[in-house]
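Hey, can you work out the whole structure from these sequences and the hints?
For reference, the chains in residue letters:
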Amino acid sequence: MATDTTGHVKVDSGTWDGGNEPFKASYGKLMMWYFLLSDAFTFAGFLIAYGALRISMPSWPVPDFVFSLLPGGIENMPLIFVTIMTFVLLFSSYTMVRAVQEGHQENRKGVVYWMILTIIGGAAFLGCQAWEWNTLIGKEHMTISTNPFGTHTESGVYLEGDGHHINKGDTFKEGDSYLIHQHGGEFHPLSYKVTEGADAGTTKQMEFGPKAFGALFYFITGFHGFHVFSGVVFLIIIMVNSFTGLYAERKNGYEMVEKIGLYWHFVDLVWVFVFLVFYLL
Amino acid sequence: MGHMTYEQSKSVALKLIILLAVITVIEVLIALVGKGYIGGWHAPVWAMAIAMIGLSLYKAYKIVYEFMHLGHEVPGMLKSVLLPVLLLIWAIVAFFWEGNYWNKSRAGIQEKNNEQIGLYTPNTIDVKQWEEEPLV
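So the sequences go chain by chain: A and B. Numbering-wise, our numbering puts 125 at position 125 of the first sequence, and it's gapless, one number per residue. Throughout, our numbering is defined as the position within the second sequence, counted from one, plus 1000.
Derived from the structure by calculation, the hints contain no laboratory data. Bear in mind that the values here come from a model prediction, so they are computed numbers and not experimental data. Beta carbons are placed, not taken as given, at the ideal position from N, Cα and C, and that holds for glycine. Don't take every hint at face value.
Said to hold, decoys possible - Some chain A residues judged to face chain B by a derived CB distance under 8 Å, without partners named:
#1 Ala25
#2 Ser26
#3 Gly28
#4 Ala40
#5 Asp64
#6 Phe87
#7 Val88
#8 Arg98
Said to hold, decoys possible - Computed beta-carbon distance windows for the label pairs:
#9 A/Glu75 / B/Ala1043: 19 to 27 Å
#10 B/Ile1038 / A/Ala248: 47 to 55 Å
#11 B/Ala1043 / A/Glu196: 21 to 29 Å
#12 B/Lys1079 / A/Glu186: 54 to 62 Å
#13 A/Gly197 / B/Ala1047: 39 to 47 Å
#14 B/Ala1091 / A/Trp133: 45 to 53 Å
In structure tokens, the structure reads:
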């Protein structure tokens, strides 16, 4: 900084003097973008690990079979619950866009209104995920090292029933999925007789599915869920700050709402890919 | 969406979210119809995968360019965010290549484990009766 002859402070504005914004974006927004870029690499690492392990296994649990339950004991509804979860997150993305737009209008009430709706959407998504995890852990007994979801590699006929859907004498084909149920705290893999192929006539027992499935599922959806959770926490903080009029006082207005908006859309973006690799493919 | 009026950007956001919801429904329908849950007809897995991956990438593009506003930022900033993502292309190729190799190795180990080997059982005639040989 230098003072010119008239006594006014002259701000240096050369390329390297710091008064320049080559990307026409504030420091905070830019850094949010680079944080999201690095976060994208973390998620990509997880999802690529999922793909590499899945392709390395001779069989993999079929997602339509694993994720086919709905709350209230409804069964055989493949993919419906996760589709609902996707809609919840999409809806909250829309309300987030609306909050940012109201921020541009300097409309304090509008920002708070749309942010509350976004928080409700995020909380609803977390609730759905809690239900899904609760079903997998409590009802189907999948852990990070035990995966009771398997796939038949040959056709056969069951020699016993499991008290759920499988009765003695039921037949199955190669590629059919099954769940090994627990009775009294122990897994009971069913015996079956092979009817086709080289081993026809022999008696075998259900085998557990690839171990990696449980660990990958809990780590990836857990990591995403943790992002949603921290997003909801930040949304609440910024909503309260908007409500108290803190941002109305600021020179850059509601830019904090834009930044949390970027983060929130990123969480939705990651879900697009989690939904693709875990549930659709 | 700073280049638009408030009313315009409101309607753009609404249209976009409806588009994303419709694409999601299409993806789920592809999965359910293609795997035989609706109509009992089966589509080839690779065709379904290409369609789903394509639609998901389109969704991602719309979210990043419109909701996150990246399409309206300065080109330099856009590139500084998107170009590093290209590194992932090699990560995907390399790890899937590796995964495929693991799969072949597993199959090879399985094959070796199942191999029937003719077991050699020594009997009394083959065993050298060293005890009865005279000492030199």
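Results of checking the hints against the structure:
1. Ala25: With Cβ-Cβ at 6 Å, under 8 Å, it holds.
2. Ser26: violated (11 Å)
3. Gly28: Violated, because the Cβ-Cβ distance from glycine 28 of chain A to chain B comes to roughly 14 Å (cut-off 8 Å).
4. Ala40: holds (7 Å)
5. Asp64: holds (6 Å)
6. Phe87: Given a least distance of 6 Å, the restraint on phenylalanine 87 of chain A holds.
7. Val88: violated (11 Å)
8. Arg98: Holds, because the Cβ-Cβ distance from arginine 98 of chain A to chain B comes to roughly 7 Å (cut-off 8 Å).
9. A/Glu75 / B/Ala1043: 19 to 27 Å: Check passed, 25 Å falls within 19 to 27 Å.
10. B/Ile1038 / A/Ala248: 47 to 55 Å: Since isoleucine 1038 of chain B and alanine 248 of chain A have Cβ atoms about 52 Å apart, the given range 47 to 55 Å holds.
11. B/Ala1043 / A/Glu196: 21 to 29 Å: holds (25 Å)
12. B/Lys1079 / A/Glu186: 54 to 62 Å: Holds, at about 57 Å.
13. A/Gly197 / B/Ala1047: 39 to 47 Å: Cβ of glycine 197 of chain A to Cβ of alanine 1047 of chain B: about 28 Å, so the range 39 to 47 Å is violated.
14. B/Ala1091 / A/Trp133: 45 to 53 Å: violated (28 Å)
The earlier numbered hints that this structure contradicts are 2, 3, 7, 13, 14.
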